[in-house]
Structures are given as structure tokens and as C-alpha cells.
Amino acid sequence: MGDYIVLAISCILINNILLAQYLGQCPFMGTSKKMETAVGMAMAVIFVLVMAGLITWMVNTYILVTFGLEYLRTIAFILVIASLVQFVEMFLKKSIPALYAGLGIFLPLITTNCAVMGACLININEEYTFMQALVASFSYAVGFGLALILFAGVRERIILGRVPKPLQDTSIALVTAGVLSLTFFAFRGMV
Amino acid sequence: MAKTLVQEFTKGLWNEIPPFRLVLGLCPTLAVTKSVESGIGMGLATTFVLVCSNVLVSLLRNVIPPKVRIACFIIVIATFVTVVELVMQAYAYPLFLTLGIFIPLIVVNCIVLGRSEAFASKNNLIRSTADGLGIGTGFTLSLGALGGVRELLGYGTLLGKDIMPASFEPFSFAIEAPGAFICLGLMLCIMNLIGSK
Chain E
1 MGDYIVLAIS CILINNILLA QYLGQCPFMG TSKKMETAVG MAMAVIFVLV MAGLITWMVN
61 TYILVTFGLE YLRTIAFILV IASLVQFVEM FLKKSIPALY AGLGIFLPLI TTNCAVMGAC
121 LININEEYTF MQALVASFSY AVGFGLALIL FAGVRERIIL GRVPKPLQDT SIALVTAGVL
181 SLTFFAFRGM V
Chain X
192 MAKTLVQEFT KGLWNEIPPF RLVLGLCPTL AVTKSVESGI GMGLATTFVL VCSNVLVSLL
252 RNVIPPKVRI ACFIIVIATF VTVVELVMQA YAYPLFLTLG IFIPLIVVNC IVLGRSEAFA
312 SKNNLIRSTA DGLGIGTGFT LSLGALGGVR ELLGYGTLLG KDIMPASFEP FSFAIEAPGA
372 FICLGLMLCI MNLIGSK
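Chains as they are written, first to last, in my numbering: chain E, 1 to 191; chain X, 192 to 388.
Watch out, some of these pointers could steer you wrong.
[To be verified] Capping the alpha-carbon separation at 27 Å, the derived lysine-lysine pairs in DSSO-like fashion look like this: (1) 202(X) with 165(E); (2) 258(X) with 93(E); (3) 352(X) with 225(X); (4) 94(E) with 258(X); (5) 34(E) with 93(E); (6) 313(X) with 258(X).
[As the list claims (entries may be wrong)] Label pairs and their computed distance ranges (CB to CB): (7) 251(X) with 83(E): 12 to 22 Å; (8) 55(E) with 258(X): 19 to 29 Å; (9) 357(X) with 130(E): 50 to 60 Å; (10) 89(E) with 254(X): 19 to 29 Å; (11) 205(X) with 168(E): 17 to 27 Å; (12) 33(E) with 291(X): 29 to 39 Å; (13) 35(E) with 205(X): 27 to 37 Å.
Please keep in mind that the hints were generated in silico from the structure rather than gathered at the bench. For glycine and all other residues, C-beta sits at the position ideal for the given N, C-alpha and C.
Generate the whole structure from the sequences, applying the supplied hints.
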């Protein structure tokens, strides 16, 4: 049990997927201008990343490794993720319309969110067991949500400040992300 | 509409240079630019995938049904990424290790899918090739430049050669994650300054 807690902390804070592993930058910059969109994206990622992490783990262990097809991993994973996203979208639309409306356009965008694919690949490269992959996927997704929501909070304040013209928009956002990343850097000594 | 081929190529070098003007493909930009060499390696790998997928998508643009086009584009791109992965593993193993999971992640690089969707699916073969080459070259140059800045500050070297005076203290902040964000942000700021004049 203790191992899982250490794994969770290291995935959420120390190896934060956005600020330390550099994955998922496009939604990080794209959906962090408003708090609402940031929360929507964070929820959608938690939902899809956990499912994708488990399914790709099973596909890799039971199909690719069994038949010696590891070189097809990239294609297999992207297909799994793309069809999973489609399936989740259809399922939510039919059965939980409120959640579907809440996630809105963020769901299809997740297909090209490299945080999802990246976390799945990390699970395989680190040779996690099924339970470890579950904990790691969930923790990566929570870390993604945490960083995205924090960043959105900061960005909402930046709009009110007076930023020099050349620094405006993406430029100041990147510098802010750097400072945020520096704070997460401080967690390194924890585990 | 009547842009010449040269214009299709050169727009990728300044007006639409990724990742500065088109804010896409930030993940590899931040992650692999610890040195000039890995930045350019990543740029070239992406360029290869970009040109090949642009060519194939452009050839198939009348065959692919519009409803499932995104899925088709992704399969085309994933195929070429696998090719790059296997070739690199065989002939450039050290680079393959440095770039790590960012090679398979070219599949989800928004630049590649973005060009297939926005350009290659509407334009003919020659134009699409020029577009892929232009954007790819721009991306490689950007990664090389960012890699240069970070390598110079972080290790005091350029392409592995010492060029800073001996009294220079390497500034390891530049090669860590926070430095990546801040260097890219400031470079974007400088580009905006030049562009606004």
C-alpha cells in the first residue's frame, strides 16, 4: 500500500506530467484562459486517461507482447485512444447527457493530447504491473488537472495586469508556466 | 490563392513558423531542446513524417471519405512515425535514447495532423510537399535555435564544443523544465518585438 502512495505522490507532484515531463502542452496553453474550460478539460483528461492507461496496458501485455508485435505499439496505442475517445463520447451522449454537455468539445480534443498517449507509453516503459499502471494513470491525470487549474487561476489574474506588448498572450503564459514549474521543482526532494 | 511554390515553402520559415507563430507542437519543443543536436534530430524526424504524410494525404484526398478523415490521417501519420522509430533505432541509437518517448509522440504532434487537415487534404501533391518541407524546416530551425540558447546557458557549449570563457559558470536552470518554459517565452517575446517593427 505504501508503495502505491509513493507512486501517486511522485506522479502527481514530482513528475508532474505538464510541468516536469513536458507532455500535454497544447491543451495546457489552449484551455487555461478561463477557469471553466480548464476544469472541463481536467475532468475529461482524468476520465479518459485512466481508461486509456488500463486498456493500452492490457493491449500491450496480452496482445502485442504475446505475439511479439511490440513494433506496432505506436499504431496500436493511437488507435485504441482514438476509438476509446469516440466510444466514450457516444456513451456519454446517450446515457449521461449532463456530463457530456459539461465536457463539450474537450472530449474529441483529447485524441491528440499527448499527455494521454505519453502516460500510456510511460506505463509500459517503466514496466508497471496492472495495479501500478492504474495508480500511475490516475495520478498523472490528477497532476494534469491540478497544474491546469492552478495555471488557469494565475492566467485569469494576468489579464488584469499591464503586460508589455511583445510579452502578451502566449509569451507571458510560457514565462508564468516556467515559474509554476519552478514551484513544482521544489517537490523533488520529497520521495 | 495563387501563391507560388516558393511562397508555400517560405511561409513556414517566418510567417507561420512553428512553434512560435502557430502555437502547436509545444511538447517536443520544450522537452528535447536540451542541446542543439537533439533539437535538430527531433526537427528532422518531424519533418520526415510531415512531408511523407502530407504527400500521402494529398494523393488520397479524393479517396478518403470526409467523415472518417481524421482517423485515416492518424493511421497514415502513425505508419510514418513507426518507420522513423525503427530507422532511428537501427542507425542513430544514441539519438533514439535521448529523444525517448517523444519519437512515438510525433503521432500526436498537432503540427503534423494540423497540416494534413488544413493543407494537404485540400491541395495538390506538389503544393503539399512544399508546405510540408517549409513547415518542417521552420520547426527544425526553431528547435535548433532554442536548443542552442539552452545548451549555451546550461552547459556553456554549442554542438558539444566549449565556447564560453573559462570563468563562465554553467547555469543549470536553463536545461531543467522551468528554464525550458521561460526561454521559449522570452524567444517568443523577441520574435514579437522584431515582427512589430
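To see whether the hints hold, each was checked on the structure:
no. : hint                           : verdict
1   : 202(X) with 165(E)             : holds, 24 Å
2   : 258(X) with 93(E)              : holds, 19 Å
3   : 352(X) with 225(X)             : holds, 15 Å
4   : 94(E) with 258(X)              : holds, 20 Å
5   : 34(E) with 93(E)               : holds, 24 Å
6   : 313(X) with 258(X)             : holds, 15 Å
7   : 251(X) with 83(E): 12 to 22 Å  : holds, 21 Å
8   : 55(E) with 258(X): 19 to 29 Å  : holds, 24 Å
9   : 357(X) with 130(E): 50 to 60 Å : holds, 53 Å
10  : 89(E) with 254(X): 19 to 29 Å  : holds, 26 Å
11  : 205(X) with 168(E): 17 to 27 Å : holds, 20 Å
12  : 33(E) with 291(X): 29 to 39 Å  : holds, 31 Å
13  : 35(E) with 205(X): 27 to 37 Å  : holds, 35 Å
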